[in-house]
Amino acid sequence: MVMAVIASIRQISRQSMFAVKRDSLRKLCCFIQNESFWSRQCLNCITFANQRSYSVMRASLHAPYVASPFDSSMLVKPIVFQHHNILCKWLHARDLSNASTELQTDEDVIRFSFHKPPGTYVSTNRKRKMSKRAKLNELRFYRLKAKKKMNSPNPEVRIRYKLEKAKRKEAWLIEKLRKFEIPKAPPEAYDPEILTEEEKHYLKRTGEKKKNYVQVGRRGVFGGVVLNMHLHWKKHETVKVTCKPCKPGQVHEYAEELTRLSKGTVIDIKPNNTIIFYRGKNYVQPKTMSPTDTLSKNKALEKYKYEQSLDHTSEFIEKLEKELEEFLEHKARYKKAKESEPQDFADNDGYNSTLS
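Last residue of the sequence shown: 356 (full-length UniProt numbering), numbering continuous.
Simulated from the structure, these hints should not be mistaken for lab results. Be a bit skeptical, because a hint or two may be false.
[Said to hold, decoys possible] Below 25 Å or equal to it, Euclidean Cα-Cα: the simulated DSS-like pairs (lysine-lysine) are:
#1 LYS319 - LYS167
#2 LYS210 - LYS167
#3 LYS162 - LYS263
#4 LYS263 - LYS211
Kindly produce the complete structure, drawing on both the sequences and the hints.
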């Protein structure tokens, strides 16, 4: 009996790639349903093998029971075929996929359908890759849309489009400048030297006469400026730091930053944005003359370009907001004057009628 069941299962597994007739499957189901040989627990789990031989049985074959219209006793309960440990010894398995197999009874033919197991996730909202022509068409559409707003006869539409574009650029520049923010190192404990008025006057005159200087340009304060100051302090007690270009009041910010980084002492700040630094009486050249919490030369230049662009964009936004406000005020005045014209005309007609 067991050999007959195995032979029937193998026969159906060989025909899994083709259509299976309804009568042959019904005979097999009737044979397996015999409770004298199979218990009800074993009937719940039986695995169909595919045409190939498999080494590990992982997936299950869900086969709904198909009944003949002449056999009403077989419609009580569907038979589900799943994995069973006893049949694993007789069914040699290898290369088993993780897909579950179902039997579909469309029309008069029974076919196998393979599906993903319930544990695996299948993404249905996968983004479709656009072709090159589709991308060009999309860019052309946005370009024509922007051109239409720029050439609009309504001044409000033009101003609002420019304002929206400038605000997007401002947000982008602020996001770019955040990448150049470096956390400051904890301040080192050092004893600033106290100088008398005579020593300050002497160092001031000495620093003015000497020609050694360090330039702070558009890059601002970065590691190279502090390095040059330490190199000058090898042979000179003082060094001049010239700041060009420099905004009003920015020279004092440069003085505080350089004092923190170089541990020097500010002697004097000239009106021409020149700072005189004194190295100190007990000066010792540090091992790392360029501080770690400063930008490099290239990064400092890149930061300056973004800052300059941000300043111009902010000024342009203020200008556009002022233009939009003036246009709205002019529009409100014109609308108010237009609404008051018919009333004045009616009053004049009434006055003329009374005179006549």
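**OP:** Take the C-alpha atoms of LYS162 and LYS263, compute the straight-line distance between them, and say whether it is at most 25 Å.
**Re:** violated, 47 Å
Original post:
Between LYS210 and LYS167, is the straight-line Cα distance small enough, at 25 Å or below?
Top reply: violated, 49 Å
Subject >> Proposed proximity, LYS167 with LYS319 (alpha carbon, max 25 Å) >> reply: Distance ~12 Å between LYS319 and LYS167 Cα, so the pair holds.
**OP:** Please work out if LYS263 and LYS211 have their alpha carbons no farther apart than 25 Å.
**Re:** OK: LYS263 and LYS211 at ~22 Å, within 25 Å.
Of the numbered hints stated above, those contradicted by the structure are hints 2 and 3, listed in ascending order.
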